[in-house]
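Whole structure, please, built from the sequences with the hints as guidance.
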Amino acid sequence: MSWLPVSRRKVTAAFSRWSDQAITHLPNLLFAVIVFTLGVLASSLARKWAKTAFTRASGDDRAGDSWGRIVQYTVLLVAVIAGLSVAGVSLSALMVAVGAIGFAVAFAMQSTIANFISGLILLTTHPFARGDVVEVNGVEGTVEEISIRCTKVRTFDGLKVEAPNQQVLTNNITVYSYHPTRRLEVAVGIGYDDDIEGAIDTALEAAGTVDEVLDDPAPEVFVTDLGGSSVNLNVRFWLQRAGRGAMLATKGDVARAVKEALDEDGYDIPYPIRTVYMNGEEDGEDAQPVASEPA
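Numbering (the numbering used here), first residue to last: 1036 to 1330.
Simulated from the structure, these hints should not be mistaken for lab results.
It is possible that some hints are incorrect.
Unchecked claim - Restraint-style ranges between C-beta atoms, simulated for each label pair:
#1 Arg-1189 - Val-1075: 36 to 44 angstroms
#2 Pro-1252 - Arg-1104: 45 to 53 angstroms
#3 Thr-1209 - Glu-1295: 29 to 37 angstroms
#4 Asp-1192 - Val-1131: 17 to 25 angstroms
#5 Gly-1173 - Ala-1077: 28 to 36 angstroms
#6 Asp-1303 - Val-1210: 37 to 45 angstroms
#7 Ala-1077 - Ala-1139: 24 to 32 angstroms
#8 Ala-1139 - Arg-1104: 21 to 29 angstroms
#9 Glu-1179 - Asp-1230: 45 to 53 angstroms
#10 Glu-1175 - Ser-1079: 42 to 50 angstroms
#11 Leu-1112 - Phe-1066: 16 to 24 angstroms
Note that the Cβ used here is the ideal one computed from N, Cα and C, for glycine as well.
Here is the structure:
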């Protein structure tokens, strides 16, 4: 049992060293706790301030809340680093480890991070809002929700499409409901023997009879091209922005009014015509078609 006094002395000496070190570092530990506590309080205040500021700037509570959390976590991170530094912890190895882990996580989640940042930009800059009719990345429909990860669009045939925010932000965005008025078009054809100016006047007058068509800007009619069997006209008119169903109904009303007016004034919408040349015979029963020469 001669080893018991030696062991007791070693334990006592070790405990004494630990006590001395604890007493020596106690002020630093207390100061570190104070720094961390103040950091927690500061992060909470910073979150509230950032949320209020970004909500006022963007007009969207979700954008303000997201930016508020980012500011809060940033202040907390600074408080933790400051507390560890005050406590005497060497930050060199810790920063290297945290940096390596952060790089690995960022590389693995780069798509998620890109969508998150893109979502914040969309919520802050407001290129479109919920309820807008848009075309994004080839998808046309009504915006139902703009989240941090994706933009949800309900197409006109009832489908739900979730477009990643990174794709939304990096592709062209067409917002059909941005302006209070919309221009629609109706195509119509008249015969080559018809009076073009008279047909244009008839189409203009007919388009103006539809209640939903605006007087300012006034309807317009243009000759767009010379088709295989008709002179093609384009009737353009403006109306107040409305739902897709209402606009399609107005377009149908204009097409019907133009068609009826042209019929009443003696303009026929021609069928496709093909001229066939016969081989030296005028009688249709004996005539034979001539094969065309290759180009």
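(message) Output the indices of the hints that this structure fails to meet, ascending.
(response) Violated: hints 4 and 5.
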